[in-house]
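Following the hints, position chain P against chain G.
These protein sequence lines are chains G and P, in that order. Residues 1299 to 1589 (our numbering) make up the first sequence, in order. Residues 1299 to 1589 (our numbering) make up the second sequence, in order.
Treat each hint with caution, since some may be false.
When chains are identical, the list treats them as one kind, so a pair holds in a single copy or across two.
To be verified - With a cut-off of at most 20 angstroms between alpha-carbon atoms, the simulated PhoX-like pairs for lysine-lysine come out as follows:
(1) K1473 to K1422
(2) K1455 to K1487
(3) K1400 to K1484
(4) K1473 to K1487
(5) K1333 to K1351
(6) K1446 to K1473
(7) K1575 to K1548
(8) K1362 to K1315
(9) K1319 to K1351
Calculated from the structure, these hints are not laboratory results. None of these values were measured; they are calculated from a predicted model.
Number of protein chains: 2
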Amino acid sequence: MVEIIVAPNAGFCFGVKRAVKLAEESSRLTEEGKKVYTLGPIIHNPQEVERLKSLGVRPVGEEKPSRGDAVIIRSHGIPPDKERALKEEGFEVIDATCPYVKAVHEAVCQLSKEGYFIVIVGEKNHPEVIGTLGYLKECEGKGIVVEKMEDLEEAFKHERIGLVSQTTQSEKFFKEIVGELALWVKELKVINTICNATSVRQEDVYRIAPQVDVMIIIGGKNSGNTRRLHTISKSLNPNSYHVETSDELKPEWFKGVRKVGITAGASTPDWIIEQVKSKIEEICEEHYCSC
Amino acid sequence: MVEIIVAPNAGFCFGVKRAVKLAEESSRLTEEGKKVYTLGPIIHNPQEVERLKSLGVRPVGEEKPSRGDAVIIRSHGIPPDKERALKEEGFEVIDATCPYVKAVHEAVCQLSKEGYFIVIVGEKNHPEVIGTLGYLKECEGKGIVVEKMEDLEEAFKHERIGLVSQTTQSEKFFKEIVGELALWVKELKVINTICNATSVRQEDVYRIAPQVDVMIIIGGKNSGNTRRLHTISKSLNPNSYHVETSDELKPEWFKGVRKVGITAGASTPDWIIEQVKSKIEEICEEHYCSC
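Same shape as in the complex, but just chain G (with noise of 0.2 angstroms):
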């Protein structure tokens, strides 16, 4: 039996894959008659919004949901109060909020009552941001988003400043503000709340393609985090191929092997994952692999 590693961040980040599975599992409210609505699209994938649909999940602005409706929050989160409203107005809520965004929500209010102005690195109008904000004037702390170098001014105007970043911000402008701003306070305290994910998936091939006979790579020709897992890999083990689905997996790759790696890109859902494991399993039951 040929041996399948998939890599555990394969694909699409931890807090996405687990809202894409609340979503699922949301779907059997429908079997009691609710409606299963997410508050905009689940994820940046068309193809994976179109296969939640068929599950009865929809996104919120294609029909309105009535009351006694399920109403999943996606991963970016959503200001409490707005979440309370949802509940004021009879909806079942499906908090589906990732657990790394949770943790910026908690950083803010644990910043703000040791008495810190907040800094939040990130993009005034992302979903995520918007979500922070609503948690701190929740804990009454006082802060700021800072998405450009000018924005820090404001900051300067304090002594103690507590900083968090957008889960998704750039390591780079991350550095760039938390030096600016150590220099020119007086005390900093920094909760680094980017979220590894990327640098995550690249270390699952450090360690995984050496160790097998063949690495599948799986995501968009054009992915460039796809391709950099691609690089990686390649560098590490010969026998390491980049396919978009399972179609394209040759069985001759295959022949007389005992281990095959997979991960995927971050546009990759999990579904075309199991494509390709089963795709695998499949041309191996037909003894092209090692017994």
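Quick look at chain P alone, frame taken from chain G:
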């Protein structure tokens, strides 16, 4: 009468001025038959060290102090066990440690108590850093000195880092280290202990030069920080002059003048500033200035 404004941050920084003043005051102990020593040259200015010698205050090393003599701790500070040893040996210890350096000693202990692993951005062999490490050990804290990027490796093993800086650290390197650390550790608390002597000296010029008729900048003609003060001053007030000593003052600069500003670069002792001030008053008494 001419009004003369001496910039509050002219010449030596606050800590050095204070140490020199303490050394001067300690010279009275020689009247009690004690000898007075400084632990190393009190400032990096030979004329000033010579002047203090003439008052009976000389660096240890030229002579060995005996029990009962006074020993002055320089503005850099020393480790607390060294200070205790001096007292146990029977010396009268006069502590001229700069209050900004004392603030670093307090900061490392405060951060240690809060459970942080300490990073001191500074030079490993600098007397100030050696003193700070002594205080860190005294309060049972753990930490390292970072003088180049590679030194950070040890810090990355810790989740919560408390960071301080040698008071005379370069702002550029400090920013780089803070940015890098914030990215890789879970929590970073920075207490910025860089002394802003250079920047406050410049701020004085921005404030004083526009409100006086003549601005005098004292300092070595080859001193970069003095030349910068002169450049800033000239941009705000064309009647700005750079002199090394009072001998270079020209009476015609002060014709009809009511208000004169004075500042000095970092290597200029107070007594040279005083000489310049007296000379201006003298010129004005000879009726060159406005009355």
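For each hint, the structure was consulted:
1. In the homo-oligomer, the alpha carbons of K1473 and K1422 lie at most 20 angstroms apart inside one protomer (18 angstroms), although the nearest pairing across protomers, at 25 angstroms, exceeds that limit.
2. Proximity of K1455 to K1487 under the C-alpha cut-off of 20 angstroms is found in both arrangements, the shortest distances being 16 angstroms within a copy and 19 angstroms between copies.
3. Taking the shortest alpha-carbon separations for K1400 and K1484, only the inter-copy value of 15 angstroms comes in at or below 20 angstroms, while the best intra-copy value is 28 angstroms.
4. Taking the shortest Cα distances, K1473 and K1487 sit within 20 angstroms of each other both inside one copy (14 angstroms) and across copies (14 angstroms).
5. Taking the shortest alpha-carbon separations for K1333 and K1351, only the intra-copy value of 11 angstroms comes in at or below 20 angstroms, while the best inter-copy value is 91 angstroms.
6. When the C-alpha separation of K1446 and K1473 is checked against a cutoff of 20 angstroms, the pair qualifies both within a copy, at 12 angstroms, and between copies, at 17 angstroms.
7. In this assembly of identical chains, K1575 and K1548 lie within 20 angstroms of each other by CA distance solely inside one copy; the values are 13 angstroms within and 89 angstroms between copies.
8. In this homomeric assembly, K1362 and K1315 never come within 20 angstroms of each other (Cα to Cα): the closest approach is 26 angstroms inside a single copy and 73 angstroms across copies.
9. Within a single copy, K1319 and K1351 get their C-alpha atoms as close as 14 angstroms, which meets the 20 angstroms cut-off; across copies the closest is 80 angstroms, which misses it.
Checked against the numbered hints given earlier, the structure breaks only hint 8 and satisfies all the rest.
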